[in-house]
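Enquirer: Here's the letter readout for the chains.
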Amino acid sequence: MAKKRAPIQPLSASNHNEGPKHLVGDDTEKRATIGLDLMTYEQLEDFGDELDAVRQRVLDDLGQADADYIRRVIRVQRAAEVVGRIAIFFPFFWPVFLVGILLLAVAKILDNMEIGHNVMHGQYDWMNDPMVDARKFEWDNVAPAEDWKHGHNFVHHTYTNIHGMDRDIGYNMFRIDKDQPWYPSHRFNLPLAFFLMMLFEWGVMYHGVELDEYLAGRMSKAEFKARKKRAMVKIRRQVAKDYLLYPVLAIALVPFTSWWVPLAVLGGNVVANILRNIWTFNIIFCGHFPAEVATFQEEDAQNETHGQWYLRQIMGSANISGHRPFHILTGYLSYQVEHHLFPDIPARRYPEVAKDVRRLCDTYGLPYNSGRLSKQLFSVASQLAKLAAKPDDPYMVGNSPESKARRRAKREAAALAAQS
Amino acid sequence: MAVVRKVLASNFIGRFTTPHTVDHYLDQIHPMLAVRHVRARVVEVIHETGHASTVVLKPNGTWTGFKPGQHVQFGVEVEGKRRVRVFSVSSSTQRKDGKFSVSVKAHPDGYVSQFLHNDMLPKTLVFLSQAEGDFTLPDKVPDDLLLVSGGSGITPVMSMLRTLRDTGHQGQVTFLHYAKSASDEMFHDELDKIAALPFVQMMRIYTREPAEGAELEGRFVIDHLKHLGIDPVNTLTYVCGPAGLIASVRDTYTELGATSQLMLEYFKVPSVDVNAADATGTLTFDDSSIEADNSGATILEQAEAAGLTPAYGCRMGVCNTCAIKKNHGAVRHVVSGQVAANTDETIKICVHVPVGNVSIAL
Chain A
261 MAKKRAPIQP LSASNHNEGP KHLVGDDTEK RATIGLDLMT YEQLEDFGDE
311 LDAVRQRVLD DLGQADADYI RRVIRVQRAA EVVGRIAIFF PFFWPVFLVG
361 ILLLAVAKIL DNMEIGHNVM HGQYDWMNDP MVDARKFEWD NVAPAEDWKH
411 GHNFVHHTYT NIHGMDRDIG YNMFRIDKDQ PWYPSHRFNL PLAFFLMMLF
461 EWGVMYHGVE LDEYLAGRMS KAEFKARKKR AMVKIRRQVA KDYLLYPVLA
511 IALVPFTSWW VPLAVLGGNV VANILRNIWT FNIIFCGHFP AEVATFQEED
561 AQNETHGQWY LRQIMGSANI SGHRPFHILT GYLSYQVEHH LFPDIPARRY
611 PEVAKDVRRL CDTYGLPYNS GRLSKQLFSV ASQLAKLAAK PDDPYMVGNS
661 PESKARRRAK REAAALAAQS
Chain B
5 MAVVRKVLAS NFIGRFTTPH TVDHYLDQIH PMLAVRHVRA RVVEVIHETG
55 HASTVVLKPN GTWTGFKPGQ HVQFGVEVEG KRRVRVFSVS SSTQRKDGKF
105 SVSVKAHPDG YVSQFLHNDM LPKTLVFLSQ AEGDFTLPDK VPDDLLLVSG
155 GSGITPVMSM LRTLRDTGHQ GQVTFLHYAK SASDEMFHDE LDKIAALPFV
205 QMMRIYTREP AEGAELEGRF VIDHLKHLGI DPVNTLTYVC GPAGLIASVR
255 DTYTELGATS QLMLEYFKVP SVDVNAADAT GTLTFDDSSI EADNSGATIL
305 EQAEAAGLTP AYGCRMGVCN TCAIKKNHGA VRHVVSGQVA ANTDETIKIC
355 VHVPVGNVSI AL
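Residue numbers (our numbering), protein chains in the order written: chain A, 261 to 680; chain B, 5 to 366.
Hints in this document: simulated from the structure, not taken from any laboratory. Some hints could be false.
Calculated cross-link-like contacts (lysine-lysine; reagent style DSS-like; alpha-carbon spacing at most 25 Å) [what the hints assert, rightly or not]:
1) A/K501 <-> B/K10
2) B/K85 <-> A/K396
3) B/K329 <-> A/K489
4) B/K103 <-> A/K396
5) B/K329 <-> A/K485
6) A/K438 <-> A/K615
7) B/K144 <-> A/K396
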């Protein structure tokens, strides 16, 4: 008898859109202290319940309009990509060439931000359409979706802005928060940021491989190898497409035009990818790195309540104000606060949700960080510049004798505790 | 066309469209235009009885056809949400117009079958899979063949009958069908016509309202086969219907040592008896750290009741969309009754109920 097709990979509905998960400490009696300077535990409880109600209201209302919206965005993205790629084949007519590069960049931005990022959060899983399914979606950049989903949806969105847990604080590269220990490499905060901006998709890919976790012994060799392999496969496919196949296709034009046309096509792809890198880098750095954004210590967040988890998201994120086309090009990451509160509701709902969030922030006297792109970018840049300088406090210098002694003492205490 | 489709579906073209597929782009031009996605337009909806209907479909070029007896995953979108169920193909493979049909009885709580019966309009876009399933006739149909069906379990059998009729089958086919009443019987008029053909011996039994002077009555018993002159040991037999019918036929064949002749297909998942005494233990969803008292319902239903949104397709154990890892504990298959108790095994949560404590990677 013919065998049915082999069982598909076991699916896990919770890997991609893992909801709010609270940090649990060893001492279960101890209560988290986050937000106590602003609210009482009772208020935090009410605050959490009210936000839950907002989320539920949107979930209950999802329907045709949301489905139509994401399909419209996908349609625009596909059209921009196809037209852009064709236009890049006309480098001898520079206005067309320029428009082609811009369209391809816009297509990649839409694919990565409004479609990829949001779909992979599981925002459209309710549609049950394989084209917008978080488990199946793969985006147009060199970072494999699977590892990004773990690092972003689970690690970053659960442990947002907690030192030592959220690997997105400074991406192991920058000192962006004054509570991060300073190392000599941080002197190059700004030039490094410029470098990362140009190569951002490669940075996201490298971040997802988690070499640091492997070197620190927190990841098995098998897991690390699997991540490396996934990254290599994805890189090969992306590089072959943008930098090999399309330029080679342009060789067909050489007899009718000029020898440099394939090189121009290659250049057009490079520039489009870099434009996307610059845009996404800037938007993403405005999400958590402006100066007023708060970071947290693990001890303070342990055993946090639902309300405290929400509060941590609000205090740890910053919005960018702007018009609708701008929001769409950011994938509504300009509503970073709302996104961090409700990562799994369709992003187009964030403006509507923001009204409730602002109202609640007013009621409870909470900070709500929002500003123009230029203001937020300036804040991030000056933060990077300021924190590049070596702090006076030797305990804030990572490789100072004082810091080393403190780390050693901590290690020994932990070993002693493990023995007894 | 087939060559164009093959080229477009090739790996080489895929390199130009990665990470998306060619279909992701063709879809934007026209939803029926695809190299892999199977889609169809509804041509017409025929009401067979008060509760059952047949949907005639015109599939796009990716549809590779079906064997009589197979089923297809049938997806419709309502309010932005695609709902998928599995329905049996009921038409003959010999149709020349490229169309085929599925027939469905509207179940009171079946959203898709209700929608199909009451609200489906011609021209609606339907998202299909290729035809699937092993409940099919062999390439060379033996001279003696027995087809048994109950209720709307007639649909795959109807496809077999129609195909055998249209191919001019020379052997002897016995068709034994159980329906509640004549008015509740699907394909009633066409069955009358087929009954008059020489290749078929047809027996339709109305269990609730027996026809006057009926030769046979009641539910399936071995005497029904004896009356029709069937020797189960030497007759290839296809049975499709509710769990009760299948169980009694299977028991009969097991007793006679004739199970190798038996091909079975359930047309729906038997509803689970929520017997509080049976439902013990705790169901744990490990990945989301949620626990729930076992209610006795399927794990999929319990997960949904707990606020989770696991992936699912057919909800009847066919499509494998809901397959997920069970970390430990024992589960029972609602159709076969088989208990699976291994750790780290993949199960279809739509057709398994927990037996005692179970934890699931959800």
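Enquirer: Each of the hints needs a verdict: does it hold here or not?
Expert: Against the structure, the hints:
no., hint, verdict
1, A/K501 <-> B/K10, "holds (20 Å)"
2, B/K85 <-> A/K396, "holds (17 Å)"
3, B/K329 <-> A/K489, "holds (24 Å)"
4, B/K103 <-> A/K396, "violated (31 Å)"
5, B/K329 <-> A/K485, "holds (23 Å)"
6, A/K438 <-> A/K615, "violated (31 Å)"
7, B/K144 <-> A/K396, "violated (40 Å)"
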